[in-house]
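Number of protein chains: 2
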Amino acid sequence: MTDRLDDVLAHIDADIGHSLERLFRLVEIESISTDPAYAGACLQAAEWLADALSGIGFEASVRPTPGHPMVVGHAGGDAGPHVLFYGHYDVQPVDPLELWNAPPFQPKVVTGPNGAKQIVGRGTSDDKGQLMTFVEACRAWKAVTGSLPVQVSILFEGEEESGGHNLVPFMEANKAELAADLAFVCDTGMWDATTPAVTTMLRGMVGEEIVVTAASRDLHSGMYGGAARNPIHVLCNILDGLRDETGRVTLPGFYDGVGEVPEATKAEWRGLGFDEAAFLGEVGLSVPAGEQGRSIIEKVWARPTCEVNGIWGGYTGKGFKTVIPSKAHAKVSFRLVDRQDPEAIRESFRAYVRAKLPADCSVEFIGHGGSPGVRLPADIPALVKTRAALTDEWGKPCVTIGSGGSIPVAGDFKSVLGLDALMVGFSLDDDRIHSPNEKYNLESYHRGIRSWARILAALSEGAR
Amino acid sequence: MTDRLDDVLAHIDADIGHSLERLFRLVEIESISTDPAYAGACLQAAEWLADALSGIGFEASVRPTPGHPMVVGHAGGDAGPHVLFYGHYDVQPVDPLELWNAPPFQPKVVTGPNGAKQIVGRGTSDDKGQLMTFVEACRAWKAVTGSLPVQVSILFEGEEESGGHNLVPFMEANKAELAADLAFVCDTGMWDATTPAVTTMLRGMVGEEIVVTAASRDLHSGMYGGAARNPIHVLCNILDGLRDETGRVTLPGFYDGVGEVPEATKAEWRGLGFDEAAFLGEVGLSVPAGEQGRSIIEKVWARPTCEVNGIWGGYTGKGFKTVIPSKAHAKVSFRLVDRQDPEAIRESFRAYVRAKLPADCSVEFIGHGGSPGVRLPADIPALVKTRAALTDEWGKPCVTIGSGGSIPVAGDFKSVLGLDALMVGFSLDDDRIHSPNEKYNLESYHRGIRSWARILAALSEGAR
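Chains as they are written, first to last, in UniProt numbering: chain A, 1 to 464; chain B, 1 to 464.
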């Protein structure tokens with residue numbers, strides 16, 4: 001296996017220019033899933049991926065859903081276990097567009113401030129660049145050996161960024177086809193630019209949109225100001241009351257199921273040498289927000305939060321308009337950990353909002369998905385092998401970490417398909433995902449491909 | 001004078017169709033002052049008015065300012081006093097456009113639910129229809145008698161809806177030209193559809209826009225949520241803290257200079273038979289907001305308020321985006337009464353915001369104008385004559401009332417030109433000014449023209 005792996009790695013190095021060109025083609029497709037105007041582009045991205053998989057010998061197809069389609073591919077392998085790989089081809093919106101230094105869907109390689117080559121464009125890191133590391137690793141194994149070390153199935157979805165509700169039903173409806181021994185989810189990052197990581201702890205999420213209506217029409221604040229209810233005031237009062245002065249979320253039952261992190265784990269985290277001041281300073285901040293008395297790593301990996309992700313109401317254009325609007329809107333998300341129940345928290349939030357509402361106001365709730373947090377046992381053999389492969393590639397011990405982001409599919413793999421999901425990815429904290437000028441380091445891409453080539457080989461060891 | 005007035009009134013009745021056509025031409029001009037995209041339309045409206053005044057014998061011209069232009073016209077009269085008439089040709093934005101039943105700048109006459117003919121379109125009531133009542137009254141006097149009963153100067157501005165800062169400097173720079181004995185401001189309403197009114201009490205206003213900046217860029221709420229400051233949270237906390245649980249504004253010094261309304265005045269107001277439930281019910285509300293223990297009339301005419309007129313931040317499109325934005329924005333206005341000092345309140349607000357701000361956040365303030373409240377003495381001879389003329393036209397005693405809206409020019413006439421300003425207008429509470437489907441009753445327009453014809457005659461009585 002070692003000789004074959006060396007050949008595969010050499011092939012990857014020789015072919016990296018073509019691998020990059022293929023990634024560019026995928027990034028150029030404007031697959032913004034949250035905006036219905038881009039539904040055609042999402043389909044185009046799915047078709048591109050199915051074609052790419054078919055081209056390297058997968059039995060691959062685009063699979064319709066009530067929303068954006070799935071891509072499913074299967075390829076036999078030389079040995080077990082059977083691996084199910086997950087990525088998502090959809091991307092975040094690009095607003096505010098004026099802050100991009102170049103068009104977001106015209107990817108290019110630039111040299112960053114630290115000399116590192118960066119692939120810039122929407123989705124380069126989240127998640128097109130990441131999922132392509134795996135596709136290109138399979139391509140290299142196929143090109144060099146004609147087969148894969150282990151049996152591989154692939155599932156790409158197109159609604160990860162839009163809280164789509166079609167993934168679980170699709171899994172439910174295709175349980176037999178998606179059966180495997182373990183899953184890999186490629187939507188997480190390295191610990192830092194030189195330290196590979198497997199993410200074993202993820203936060204879940206509940207998304208809620210609320211619309212508060214007061215008067216039946218917009219009012220002149222001169223004629224009505226001081227007498228008529230202003231829904232922006234109502235909304236601000238509701239949102240401000242979600243957290244107390246110590247940063248804790250006030251919803252009844254919110255912390256049910258949240259366990260304290262063991263001291264041993266906290267000690268491991270301290271060993272990571274995380275620089276809180278640098279983490280905040282990199283984005284222009286200096287004062288930790290949120291719950292008092294906890295480290296930033298604990299807050300982001302192991303504590304739930306509530307964030308207002310959007311708010312709007314009244315006149316928001318240039319100049320001034322003395323209006324008391326009829327409606328005010330907000331998008332609110334809760335990040336969940338451990339055994340918090342997403343639907344219980346959604347109901348607690350809605351009950352809290354209703355209780356705060358004046359008698360003549362009304363509220364509409366729009367649910368935007370919910371998923372529990374995930375914690376992966378440390379002793380899974382595949383995790384041990386994967387850490388070893390990553391340690392070999394990067395020349396530095398692979399660590400296991402948490403992530404504050406929500407990757408619902410990791411929980412869904414467990415609950416629907418019974419699969420443990422190993423979260424392996426190569427993005428970096430400074431990749432500006434969800435923000436203007438998103439990038440993916442060329443090294444992440446190149447060594448990410450090499451990493452997967454090694455992981456596939458490692459998984460087959462001992463299985464034969 | 002009486003014979004001549006009867007002839008003028010008959011002429012007005014005969015010519016009302018043409019008067020309406022002329023108003024349509026003015027309403028068709030999209031003179032939205034707050035949006036720079038409509039600067040050309042504002043100039044066009046000014047030119048149209050100057051031409052209209054020139055056409056009836058005024059010495060009229062468009063006068064440039066650093067913003068939208070003024071229109072100034074002068075016409076000699078048969079006797080004193082010398083009257084300075086004010087109106088504004090600019091209008092509010094039309095959003096939300098989808099709630100208009102017809103294009104806002106294509107005026108037409110429709111029959112309302114109560115059978116009254118309504119002129120529908122943006123600016124029909126605020127303020128193009130109103131100012132045209134005076135122009136058409138002058139036109140009738142000129143057509144019938146060849147002159148006006150009193151000397152008239154006219155000042156039309158184009159920044160009333162956008163907090164423009166050019167009116168006072170223009171008055172300062174043209175004090176001699178604008179000298180007169182008293183001013184009329186036509187931007188207020190009747191008490192109800194059958195009861196004419198002179199408004200003698202107006203609220204002032206301070207407009208402020210604030211931009212709270214936390215991180216230097218938008219952040220992913222998974223990677224940063226619970227550790228990084230969310231400027232929407234900061235903004236909601238600031239805005240929610242502006243009022244206490246009794247509805248009072250919390251800013252230090254806010255109520256300095258606010259006198260209690262005398263019991264006698266409150267008794268007069270009770271005599272108006274104002275129906276609080278109907279006032280709120282007409283816009284779908286039932287619970288009075290604002291300060292506890294005060295009537296709605298007192299709240300709107302004689303009490304200051306704070307309203308958030310616009311708020312925005314984060315993702316506000318369709319779907320969901322898990323972002324912690326870098327910035328959050330709000331537009332806030334304070335309605336002022338009595339002797340409240342606009343600039344002192346602006347400073348108190350800014351100091352309050354700064355004091356609430358976390359150490360690593362910053363705030364930008366954008367001032368949107370400020371003006372004090374106005375109270376007019378009840379014994380001015382011109383006020384007595386004007387009330388009598390309005391009583392004659394409408395067949396019902398003219399009342400003196402307050403208005404919750406801000407008409408800064410009324411205060412400016414006093415402070416800059418030393419003129420008392422009588423506020424006379426014919427709009428109704430259901431005119432939907434600043435809202436979709438703004439209208440002006442045809443009766444308001446027709447009898448408004450007749451009212452001004454009578455007022456001009458009444459002012460000349462006793463002056464000869």
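Among the hints, erroneous ones may be present.
[To be verified] In the BS3-like style, the derived pairs of lysine-lysine whose C-alpha atoms are separated by at most 27 Å in a straight line are:
{"id": "1", "chain 1": "B", "residue 1": "K356", "chain 2": "A", "residue 2": "K318"}
{"id": "2", "chain 1": "A", "residue 1": "K356", "chain 2": "B", "residue 2": "K356"}
{"id": "3", "chain 1": "A", "residue 1": "K356", "chain 2": "A", "residue 2": "K396"}
[Claimed, not checked] Facing chain A, according to a computed beta carbon distance under 8 Å, are these residues of chain B, among others:
{"id": "4", "residue": "P36"}
{"id": "5", "residue": "S162"}
{"id": "6", "residue": "V211"}
{"id": "7", "residue": "D218"}
{"id": "8", "residue": "G226"}
{"id": "9", "residue": "G284"}
{"id": "10", "residue": "A289"}
{"id": "11", "residue": "G313"}
{"id": "12", "residue": "L357"}
{"id": "13", "residue": "A359"}
{"id": "14", "residue": "G404"}
[Unchecked claim] A few chain B residues that don't get close to chain A, going by computed Cβ distances all over 12 Å:
{"id": "15", "residue": "K175"}
{"id": "16", "residue": "L182"}
{"id": "17", "residue": "E282"}
{"id": "18", "residue": "R335"}
{"id": "19", "residue": "K396"}
In case anyone wonders, no lab produced these hints; they're calculated from the structure. Note that the structure is a prediction, hence the values are computed from the model and not measured. Just so it is clear, CB atoms sit at the ideal spot from N, CA and C, and this is done for glycine as well.
For K356(A) and K356(B), compute the direct alpha-carbon distance and say whether it is at most 27 Å.
holds, 23 Å
Hint check, G313(B) versus chain A [nearest Cβ-Cβ separation less than 8 Å]
Constraint on G313(B) satisfied, holds at 5 Å.
Given the hinted pair K356(B) and K318(A), is their Cα-Cα distance within 27 Å?
Holds, at roughly 26 Å.
At a threshold of 8 Å, is the proposed contact between G226(B) and chain A supported by beta-carbon distances?
With Cβ-Cβ at 4 Å, under 8 Å, it holds.
Agreement of hint G284(B) with chain A interface, Cβ distance less than 8 Å
This interface hint holds because 3 Å falls under the 8 Å limit.
Minimum beta-carbon distance criterion (8 Å), D218(B) to chain A:
D218(B) check passes; min Cβ-Cβ to chain A is 5 Å, inside 8 Å.
Does K175(B) really sit off the interface, with its C-beta more than 12 Å from all C-beta atoms of chain A?
Given that every Cβ of chain A is farther than 12 Å from that of K175(B), nearest at about 28 Å, it holds.
Taking C-beta pairs only, is L182(B) more than 12 Å away from all of chain A?
holds, 24 Å
Looking at E282(B) again, its CB stays over 12 Å from all of chain A?
Answer for E282(B): violated, closest chain A Cβ roughly 9 Å.
May I ask you to test the interface hint for G404(B) with respect to chain A, counting a Cβ-Cβ separation under 8 Å as satisfied?
Holds, about 5 Å.
Hint check: 8 Å Cβ-Cβ cutoff, P36(B) to chain A:
Interface hint status for P36(B): holds (7 Å vs cutoff 8 Å).
Does the CB of A289(B) sit less than 8 Å away from some CB of chain A?
holds, 4 Å
Hints 3, 6, 12, 17 and 18, counting from the list given before, are not met by this structure.
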